[in-house]
Amino acid sequence: MEWTHLLKELSDAVQTRNANAASLRNAGALVSELTARAITAGAPGPALTKVLAKMEPTVIQERPHVCGQAPVVPPLRPVPPRPTDSHPALSAAETGGPARYFLDEAYQRGTVPWKAATVRQYFKRSRKRGIHVPEGCQDPAGRGRRYTEEELATWLAAWRRQDSQTQ
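Here the sequence shown is numbered in our numbering, starting from 2 and rising by one per residue.
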């Protein structure tokens with residue numbers, strides 16, 4: 002048998018295989034879709050569910066476990082609201098004092114030279130070194146603590162004094 006004839010047979014075999022694979026993928030997708038729709042629609046009785054599960058075993062694994070005699074799928078949990086990226090500073094009228102800012106807002110305003118995560122680390126180190134750390138006040142919405150510019154400036158000056166003494 003010549004190699005050219007073998008290449009021709011190989012080409013035909015590859016085309017046949019590809020056509021069969023494509024039809025299997027299409028049939029598999031149809032079976033998966035119909036099975037999922039039947040189970041979601043509440044396929045009547047456990048016998049039908051078993052038949053469908055044998056046809057498409059992956060679908061039965063995705064179905065939530067339900068206890069009791071009447072299978073009722075619990076409703077999905079609501080999606081929590083996404084937090085906003087920036088929060089308005091509390092004004093003096095809202096707090097009864099000077100405006101307060103989150104650490105990320107203080108960084109953006111230039112009150113502190115580091116991002117919020119770094120300032121929190123420096124707060125921890127300050128406590129260990131005996132430097133007074135501002136307490137701030139809890140945000141009414143519970144998103145964290147807010148600080149006045151004066152609190153942060155006082156802490157920053159003490160931090161820099163201590164830092165310059167250790168060098």
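Please keep in mind that the hints were generated in silico from the structure rather than gathered at the bench.
Because the structure is a prediction, the values reported are computed rather than measured.
It cannot be assumed that every hint is accurate.
With beta-carbon atoms standing in for the labels, derived distance ranges [claimed, not checked]: (1) Pro114 x Pro141: 56 to 64 angstroms; (2) Ala42 x Glu10: 46 to 54 angstroms; (3) Thr41 x Leu8: 42 to 50 angstroms; (4) Glu34 x Glu136: 25 to 33 angstroms; (5) Arg162 x Pro99: 19 to 27 angstroms.
Each residue gets a CB set at the ideal place from its N, CA and C atoms; glycine is no exception.
In this structure, is the beta-carbon distance linking Glu34 and Glu136 contained in 25 to 33 angstroms? violated (58 angstroms)
Could you see if the CB distance from Thr41 to Leu8 stays within 42 to 50 angstroms? Holds: the Cβ-Cβ distance is about 49 angstroms, inside 42 to 50 angstroms.
May I ask you to test the hint 56 to 64 angstroms on the CB atoms belonging to Pro114 and Pro141? Cβ of Pro114 to Cβ of Pro141: about 28 angstroms, so the range 56 to 64 angstroms is violated.
I want to verify a distance hint. Is the separation of the beta carbons of Ala42 and Glu10 within 46 to 54 angstroms? holds (47 angstroms)
How does the Cβ-Cβ distance of Arg162 and Pro99 compare with 19 to 27 angstroms: does it lie in that range? holds (23 angstroms)
Going through the hint list in order, the structure does not satisfy hints 1, 4.
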